[in-house]
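Asker: Sequence:
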Amino acid sequence: MHRRSAVTYVGDDPDVRARVSHAVESAWSGSWAPDDRAIATDVLLEADEETDLQPLSDACGIVTTGDAATDPSVADRLAATPDRVPVIVVLETATAEGFRLALRAGADDVVAGSESDASESESEADPLVGRLLDAVEPRRARLGSDDAARLREVLLDAGSTLMSTRSDEVDTKIRWTMENVGEHAELDRMVCYLREGEMFEPAYTWCPEGCDTALRPIGGFPDGGSLSTFENVVRSSVPPGSTDRSADGDDAALEEGKAPATVLVPLVADWNLIGVLTFETDAWRVWTDEEVDLYRTFADLIAYTIARNDRRLELRRRTEQLEQFSAVVSHDLRNPLNVLSGYLETVKREVPESTYEPMDRAVTRMETLIDNLLMLAKRGETIGDTELISVAGVAEEAWQTVRAPDATLTIADEVGQVRADPTRLRQVFENLFRNAVDHAGPGVTVEIGPRSGDAGDGMYIADDGPGVPPDVRDSLFDSGFSTADSSGIGLAIVDRIVDAHGWEVDVHNDGGAVFEVAFKAEAAVTPA
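The working numbering puts the sequence shown at residues 1 to 528.
Among these hints, one or two may not hold up.
What follows is a list of derived Cβ distance ranges for each label pair [as the list claims (entries may be wrong)]:
(1) T408 <-> E367: 23 to 31 Å
(2) R152 <-> V43: 29 to 37 Å
(3) E387 <-> G443: 33 to 41 Å
(4) S326 <-> R150: 51 to 59 Å
Honestly, the hints are just simulated from the structure, not real lab data. We treat Cβ as the ideally placed atom computed from N, Cα and C, and that holds for glycine.
My request is simple: use the sequences and hints to build the entire structure.
Answerer: Okay, here's the thing in C-alpha cells:
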C-alpha cells in the first residue's frame, strides 16, 4: 500500500510556499521522499470534523509563518496535530519577540531569515533544509506516542471482539480485526500462517495490494529458529543512504530500499507453535519496543481465539459421537436385552432355579452395564446445581436400588451434611454399593462414616469383603478396568462425579475395601 506523506505548508505567503517546496526537493529524493503541498489558512479553518476535508491528516511535518502560527484559530488547528508531526515556523525577521510568540504558539522549531539570506555557495544551503531533515520522518519511520495509544485502543476493541466470537464468526472477525490493526498501524500487509504438519499455510490475510500466500516451512521465515523458541523476529528498515544502524536484516537489500520492514510473531497455544503472524510495510520503518509488544498482544489474542475454537469444535465432535453412542446403547443393545428378559420371565416356572438364576444375574448385569454406559455418555463429567443435603438421606435412597435383600447398611450419625448435586451424589453411592455386592456377595455389610483424625473433611464407605488387591489399586478408577465380577465402569463414574465436585477419592483396605471421599473446604461436612 503506497502511503506517501507530505510536508505541508500552512499560510498565504507565496514566497515562503516556494521556499518550502525547494527545501523539500533539496532534502529528499527517491520513492520514499514526501510530497510537499500548501494549505491556505482559510481552507484549514473551513475544515471541521463533520466534513471529509482533513488537510493535515497525512502531514509528516508542517511549515508555517509567524503570522499564521500566532493566529489563535490556526494555532488551535496546529496544536491538534499528533505530537509526532513537528511544526516549524519561518520568521522573515529574527526578533526575540518573534521567537517567543512562535514558541508560545506551539512551534517545535523556528527558522529565521529568507532563502536568499543563505550563501549562494554550494557548501551552504537554506537552514530550513537541515531543520526538515532533523525533525521530519517522511515515511513514518517510528510509531508516535499518539499512534501507539490509538493502536492500544484498537487492540482493546479487537480483544473484546475476539473473546465474544462464536465458532461460525471466527474467520470473519479475525480478518476484520487484522484489517483494523493494519490500517491503524499504517502497515502494507498482515498474514496469519497456521501450522499444518511441518508447513505453515496462510490462513488469514490482509493484503490490500496482494501478497505471497505460498506454504513455507519454519525455515522459510527470517530467523525461523527464534520463532521456534517463541521469540519475536524484528527486521527494521532504513531509507537509502541512512546511517541508522538500529535496523536489522540484509544490509544490501536495505540500502537498495527493497527489503520490507517486518515483524514476525509466533502464535503459541498450550506451549505449542501453532502459527506465525507477520506485520509488514514497504515504507522505511524502525519498530519500537512498544509497537512490537502491541503486535505480540494481538498475536496472543488470535492464538487464543483459534485454540479456543479448536477446543469447541473438538468438544462438539465428541458430543456428537457420544450422542451416536447413546443411541446405539439405548436401541441396539437394550432392545434385544428386553426381548431376552421377556423370554426369561416366560420360562421362569419351566426351568430349575439353578438354571434360571445365572441367566437372570447375567441379564441384570447387562442392564446395569447399559445404564452405566448411558450415564457415562450422557452426563460426562458435569454436575448440576449444588445444595446442602443430608449424606445419610441420599445414601438411604441409593440403598433402595441394591438388589441384595441380605445386605446391611450402617450410617454413622456424625456423617452430617454436604454441599453437592443430590442426583450425582446418589449415583456415587449406588455404584459403590453395587461394587460392594459384586465383590463381597449379597450378604455384604456396608458402613458409612466421617473421615477421622487428621484426614480432614469427608466420608468413608467401607465393606466387609475381601478388599482391593494391591496390584490393581492404581488402576481401579480407570474406565477400561474390569474384573470377572464387574465391568469397572461404575467406579469410573464415581471418580468423574467426585472430580466434578472438586473432591478426591481414594481406596485402601481395612478388613475390606474402604473408599474415602475428601471434600473441598467449601463443601465440608457439617453436623446434621
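Asker: Confirm or reject each hint.
Answerer: Status of each hint after checking the structure:
no.: 1; hint: T408 <-> E367: 23 to 31 Å; in the structure: 24 Å, holds
no.: 2; hint: R152 <-> V43: 29 to 37 Å; in the structure: 33 Å, holds
no.: 3; hint: E387 <-> G443: 33 to 41 Å; in the structure: 35 Å, holds
no.: 4; hint: S326 <-> R150: 51 to 59 Å; in the structure: 53 Å, holds
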